[in-house]
Amino acid sequence: MTRFAISAAYMAVLYAFIFLPVAVLVLFSFQDGRFPIPPFQGFTLKWHLEVLSDEELMVALRNSLLVAFGSSALALALGFLAARGLATSELPLARTIRAALTAPLSVSYLVIGLGLLASLNLAGVGLSLWTVAIGHVVINAPLCFAICTAAIGPAQQQAERAARDLGAGEWAVMRFVTAPMIMPALVAAFLLSVTFSWDEFIIAFLLSRFDVTLPVEIWSLLRSGLNPKTNAVGSLVFLISALAFLAFELSARRR
Amino acid sequence: MSLRIEDRERRRAWALLAPAVLWTAVFFLLPFAIMAAMSLWQKTDDGIERTWSLVNYMTLFGNPTYIEALFNSLEITLIVTLLSILLAYPLAWIIAEEVPERYRRLALVLAVVPFWTSYIVRSYAWSLVLAKQGVLNTALEGIGLPTLDISNSRAAIVLGFTHFFTMLLTLTIYASLTQLPPNLRRAAADLGAGPWATFRHVILPLTAPGIAVGAFLSFALCIGDYVTPQILGGGNDLALPQLIMLQLGRRADLPMVAALSIVLMAVVTLAYLVVARFMKVAR
Amino acid sequence: MTARIDIAGITRRYGDALALSGVSLTIEAGEYCVLLGPSGCGKTTLLNIIGGFADPTGGRLTIGGRDMVGVPAAKRPTTTVFQDYALFPHMTLIDNVGFGLRMRGIGRAARNAKAQEMLYLVGLKGADRKKPSELSGGQRQRVALARALAVDPDVLLLDEPLGALDLNLRRSMQEELKAIQRRVGATFVHVTHDQEEAMAIADRIVVMNAGKIEDQGPPERVYREPATRFVAAFLGETNFVPATVRQGRLHSPLGDLGLTTAPEETALTVCVRPEHVGPGRGAPGRVKVIETVFQGVHRRVRVAPEAAPDLHLQALLPVGMDAAPGDTLDLRIDTSHVTLLPAGTA
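As you go down the protein sequences, you meet chains A, B and C in turn.
Numbered by numbering that gives the first Met the number 0, the letters in the first sequence go through residues 0 to 254 in order.
Numbered by numbering that gives the first Met the number 0, the letters in the second sequence go through residues 0 to 282 in order.
Numbered by numbering that gives the first Met the number 0, the letters in the third sequence go through residues 0 to 345 in order.
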């Protein structure tokens with residue numbers, strides 16, 4: 000066998016492995032029967048329609064979007080401001096602060112969630128979408144901080160200096176110079192945060208109570224075992240994420 | 000005389016930092032400290048007793064269930080990490096080296112498509128594939144092979160994890176492969192190295208840090224994950240996160256949960272130190 | 000439109016290091032002043048202090064009579080042309096140049112008109128809608144200049160503004176800078192380490208070294224009569240010849256270097272420019288050529304005088320005069336152009 004054939008065969012096998020679960024998931028979301036397992040009994044959209052008319056799932060979807068966009072906006076604001084603060088001046092504790100701000104990146108979500116749960120418990124704070132959002136800001140702010148820090152280089156600092164020299168106040172510097180200059184990084188940081196929050200389960204599970212996000216709602220669906228409806232939810236989530244990614248990819252290419 | 004302009008600049012820097020620093024302190028460092036403290040307290044029938052002792056840790060390390068869970072987690076994580084590297088490296092290599100340049104990005108995006116399914120749904124999808132009468136067994140039967148009964152087992156967990164981390168590692172290894180200087184291979188060949196020698200002595204050492212970072216990422220994400228073992232493992236040999244959630248859900252034993260979390264973190268930190276040391280040696 | 004700058008006893012400390020130690024300097028309104036010195040001499044620190052990007056540790060600074068210490072850059076009558084231009088890459092040229100006016104709350108029509116005028120002034124007419132990335136290095140430099148001038152500063156600060164340009168472009172920009180300065184009338188303070196640039200452009204050269212001012216004055220004066228050995232060596236090449244005064248004449252190892260009014264028996268260093276060593280009879284007399292370099296307008300030679308073979312001299316000879324290593328020549332120092340410094344000064 001030629002080298003090319005070996006490579007092609009290897010690629011084919013790995014792609015099959017990678018695609019297998021997604022293909023099975025999507026295929027059996029159209030299953031005209033009670034179980035999402037072979038044989039395939041015919042094509043129907045009833046499970047998808049059932050998902051779309053499921054009140055609880057739709058509320059969870061709305062909650063997820065709220066938490067994802069809200070927490071990402073806050074995470075981006077915190078991360079962007081902190082990145083600027085560390086970039087513009089030489090502070091004595093800069094290294095320590097940088098380490099502290101990025102520390103949550105290296106801790107398991109489970110541990111972060113449990114720590115917050117124990118603390119909220121001790122402080123007597125009730126669980127809600129707010130506490131979920133707090134948890135998601137904790138995991139996403141370091142990410143935004145790291146991305147903004149990487150994007151703010153000497154070019155931005157020089158431009159900011161020039162802007163200040165020409166009479167710009169702090170707000171004007173940020174609005175007219177820094178933010179537009181690192182816009183691609185800001186967009187990337189925000190979208191990445193949204194993705195992470197949108198898909199995050201364990202923190203949302205630990206820190207929510209009555210109002211839950213979509214992954215938590217899906218989790219409770221799993222209790223009903225193998226079910227084409229779960230396939231349909233999964234497929235729809237996949238569709239939304241893939242479309243969002245496609246839109247991002249296209250906008251990035253246009254730039 | 001004070002340095003007034005620079006003072007102002009420093010004050011402004013602190014003002015910009017303050018929200019993030021406060022947030023991290025209140026919602027990350029403080030909870031961590033509380034958890035550390037709590038791990039030294041005890042659960043009683045009517046709440047938490049705040050006396051300091053190592054009882055939780057002693058129970059933890061004296062109880063075979065806990066030790067087993069820790070070793071289950073470590074075992075799964077190590078197998079998964081190793082398997083994923085072995086599967087991902089050739090794929091990343093093929094994409095970086097043999098796929099024509101214009102299809103490279105497409106090949107890469109396709110290799111991570113399942114990222115866009117929800118992380119819970121991914122595990123659920125594997126349980127569909129591996130179910131007793133699922134796709135895999137139907138296919139095996141169809142070609143006359145014996146069926147595999149691996150749903151709800153250690154093998155299913157490993158498979159589910161390996162699927163995810165193969166994608167992740169393909170990305171990180173691909174990134175480190177494309178960062179190699181293009182003339183490196185030519186130089187090695189010029190000096191008489193065959194393809195295998197070039198790989199063994201040039202490419203592999205240079206991509207080792209990329210592999211190490213990916214491996215650490217896989218390790219940390221894998222050992223702290225509750226969802227995959229819970230969905231695919233069927234509640235047999237518990238992994239550490241499952242045990243933690245069990246303590247939380249069934250017994251509401253927050254001090255014990257805290258102690259287990261600290262142990263989990265210690266393991267991840269240890270892995271980080273190993274990787275950091277390895278990277279220093281590699282450089 | 001223009002303002003005088005008074006710097007009195009300015010000191011700046013970074014930890015233990017003294018970047019400026021007691022610098023005093025007056026720059027007249029409308030003057031083109033060049034701060035010249037090697038890297039690390041404190042010239043950029045001084046510029047940053049004038050521009051409001053750094054504070055002095057001690058001393059006074061007034062611009063147009065107003066105390067400036069502690070006033071941030073935005074509130075000073077100064078603007079800066081930065082070394083790497085620091086243009087805003089996401090804005091068109093007209094928005095770049097109009098930025099300062101926008102910050103002053105001036106409406107779009109008015110600031111565009113002014114920005115256009117400024118782009119015209121720096122020779123970039125019709126490029127309003129371009130982005131900085133579409134420009135060459137020299138053009139970016141002009142935009143940075145236009146942007147800084149658009150707000151009508153009293154004082155324009157230029158931090159190595161020509162450093163990134165190639166030689167030809169630098170020469171033509173020097174002339175243009177000077178012309179623009181005459182047009183707008185503002186006080187220009189320009190930092191450079193290039194002594195030819197400094198001499199070509201300055202009304203006043205301030206030579207700095209190790210955080211101190213070594214000399215200041217019109218270029219010709221500073222070049223012809225350097226105040227210190229450092230200045231003599233930094234501004235072009237100089238031969239240093241030790242000498243002693245006896246009976247009103249300079250005695251050196253090279254021979255008699257002419258009359259002097261310096262007190263008897265003082266030890267001096269005589270500074271001799273290579274262009275003042277030429278063919279003729281007198282000190283140092285017979286010399287042996289060690290090395291020659293043909294430089295087009297003249298021939299540079301290094302020679303060892305017979306009177307003092309260790310005291311090598313650099314000389315610029317007419318190209319028509321043949322000199323090869325090993326030849327002997329008769330050379331003479333034009334004693335009317337030498338500068339005397341106390342011996343042993345740095």
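Treat the hints loosely; a few may be bogus.
Claimed, not checked - Keeping only pairs whose Cα atoms sit at most 30 Å apart, straight-line, the calculated DSSO-like set for lysine-lysine is: (1) A:Lys45 - B:Lys279; (2) C:Lys211 - C:Lys177; (3) A:Lys228 - A:Lys45; (4) C:Lys211 - C:Lys124; (5) A:Lys228 - B:Lys131; (6) C:Lys287 - C:Lys211.
Worth flagging that the hints you see were computed from the coordinates, not collected in a lab.
Treat the numbers as computed from the prediction; the structure is a model and nothing was measured.
These are the hints, each one checked on the structure:
1. Our distance criterion of 30 Å between C-alpha atoms is broken by A:Lys45 and B:Lys279, whose separation comes to about 57 Å.
2. Taken as a hint, the C:Lys211 and C:Lys177 pair is honoured in the structure, with Cα atoms around 26 Å apart against an allowance of 30 Å.
3. Restraint check for A:Lys228 and A:Lys45: the C-alpha separation of about 9 Å stays at or below 30 Å, so the hint holds.
4. Taken as a hint, the C:Lys211 and C:Lys124 pair is broken in the structure, with Cα atoms around 42 Å apart against an allowance of 30 Å.
5. Taking the CA atoms of A:Lys228 and B:Lys131, the gap is near 20 Å; set against the 30 Å cutoff, the hint holds.
6. Proposed proximity of C:Lys287 and C:Lys211 is contradicted: the alpha carbons are some 39 Å apart, above 30 Å.
When each numbered hint is compared with the structure, violations occur for hints 1, 4, 6.
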